[in-house]
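Required output: the full structure, derived from the provided sequences and hints.
In case you want the letters, here they are:
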Amino acid sequence: MAHVVLRNVSKVYEGNVVAVQDVNLEINDKEFVVLVGPSGCGKSTTLRMIAGLEEITKGEILIDGVVVNNKPPKDRDIAMVFQNYALYPHMTVAENMAFGLKLRHFPPEEIKKRVNEAAQILGLTEYLNRKPKALSGGQRQRVAIGRAIVRKPKVYLFDEPLSNLDAKLRVQMRAELIKIHARMKTTSIYVTHDQIEAMTMGDKIVVMNNKLVQQIGTPLEVYNNPVNKFVAGFIGSPPMNFLDCTVKDSNGALWLDFNEFQLKIPSQFVDKARPYVGREVTFGIRPEDIYDRSMYQGSIDSNTTLANVEIVERLGAEEFVYFATNGGYSFIAKYDPQVNVHMGDTNREVIFDLNRSHLFDKETEMAIY
Amino acid sequence: MKETRIPLTNKPYHKPSEIFLINAILVVFVVIWILPTIGLLITSFRKPEAIVSSGWWMAFSRVNEFTLENYRAVLLQGGVGRAFVNSLLISIPSTILVIIIAALAAFPLAFFKFPGRTFLFVLFVSLQVIPLQITLIPVMKMMSALGISGTFPAIWMAHTAYGLPLAIYIFRNFFAGIPYAIIESAEVDGATKFQIFSRLVIPMSMPAVASLGIFQFMWVWNDLLVALVFLGGTPEVAPLTVKIASMKGSLESGWHLMSAAAFVSMVIPLILFLSFQKYFVEGLTAGAVKG
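From first to last, the protein sequence lines stand for chains A and B.
Whatever position you read off the first sequence (first residue = 1), add 95 for the working numbering.
Whatever position you read off the second sequence (first residue = 1), add 126 for the working numbering.
FYI, nobody ran anything at the bench for these hints, they're computed from the structure.
There could be a bad hint or two in this list.
The calculated EDC-like cross-link candidates involving lysine to aspartate or glutamate, where the alpha carbons are at most 20 Å apart (straight line), are [what the hints assert, rightly or not]:
id : chain 1 : residue 1 : chain 2 : residue 2
1  : B       : Lys239    : A       : Glu109
2  : A       : Lys166    : B       : Glu313
3  : B       : Lys319    : A       : Glu149
4  : B       : Lys319    : A       : Glu150
5  : A       : Lys343    : A       : Glu408
6  : A       : Lys359    : A       : Glu444
7  : A       : Lys429    : A       : Glu408
8  : B       : Lys239    : A       : Glu190
9  : B       : Lys319    : A       : Asp172
10 : A       : Lys247    : A       : Glu190
11 : A       : Lys197    : B       : Glu313
Here it is as structure tokens:
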């Protein structure tokens, strides 16, 4: 049962190096929150401040309504899983998991019970007497997770726990962590640079960049309604396409003018776009919202252009098609494998689903719609 | 097409002929090193008249010349037994004290951030360049002022002080190699600073403790100068080195006793080295973090 609040939390290192600036965040009980962003964005520092491993320069962190700024890590009732596992090399798996409980003077039977429980959940029962060096990377990470589970803390903190594992193991462990959270229902804060982990694991995701929180929301909110160009480009793979253009008003409608072609702004966005008439903006559209003529179900109404196929990446279930227009715009589309498209095709008709498109202010990079 | 080998480890690959050459050179060195020791060992078991009449390599053709009398004489009558005990009484505390104090000093130097940390560390390291001989007179004056000159505590203090700079340096560098995440993980687990030191850092630093312990023990065990200066030659406190040196003067041509006494003085370092050598080889931190 824990409710974590960050109020205007900042971290400034010696020499005025700002690592985190004015983070405000509220994490509800049982929530799984993912802090995601590129390296150096301040997400790990934020987590380490919650853990108590990093002093807070400004602001307050509250766990269950109590300010913990000056409490050492051991008094915050948290457990943390580190990227490089940080196991105690001279202790067996069982001793590693029991260490925190022993320090807290739990009775031996209780320690044994909890260690066995955790080992069972994580499939470590047969390895309990091994030392970490006799384990594989995935098993070591399980031990690190087990060490957190046995403590039954108020909050779990994960600092990029899967980034040292190979791709296949990472997907598997991701699913296991989701299962463990569903079972334990403990408030969890998870740091990753991997937007897929963020999308799949988080009840709520916090996108950070350049020391600042950019957006907080559910994965789908962040995906569908990014507040700025950074969030739009960071979440989603392949990333959203960005094309510069100008807003024009003619024939009673608003247009995005790309010189060689024009796209008509859908009526529901007109009010938001009107202040930008005559100004340069950035048009954003995700690869899956770009269609080939043969697959498009909707109506065709000034939402197409002609483009040349530069590269086709065939992944089996889908295809990534890299287009370039004669005027020099390039973008990536995600096509159904049934579309008959080949490298070197010229002047193919490409349709943009403008109802799902985005527009960003070119200067502030904030979303217009 | 030429076959290429894919190395399975990051060790450099050597051709069989190279391995043979390396081993041959090693064998030569081992023989050069070990031959005098074997000679000493055999000599120590020979009768005095045999020693002066033929070389030790002849011993096996004259089996009836072997005897245990030398050891009996040395250990029971010559005072070597007493000196052996004195050597242990000097070396063991001087080693343990260095390990404890140096580890406690190196822990904050490696893991805590405080002003002057680098300065302190550099100061300790630079103390190593001061020649021991320069300090003998002032330290001896200090010992007399304290009234402990010629006693064991005096030499414990002297050896501990002389051993600390190197020991702190070695421990600090070893501790610095321990992944910091392990320390942080223990903090989150609820360990106090002292628990981190005693239950994690020291057990993980056993290779450093063992090798440093051996170095310090050997240095103290083999030391003659410091013992002579701070203890003098009184038999109650004189260690083996002092005893053997004095035997050489008093027993001209007493080679049978000298060789037995010398071998007695070698036994402890040999046992120590053989029993702890695995720590030189084994890196205890393997498997702690992804490597």
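Exercise for the section: Of all the hints given earlier, name the ones this structure violates by number, lowest first. Expected result: Violated hints (numbers, rising): 5, 8; every other hint is consistent with the structure.
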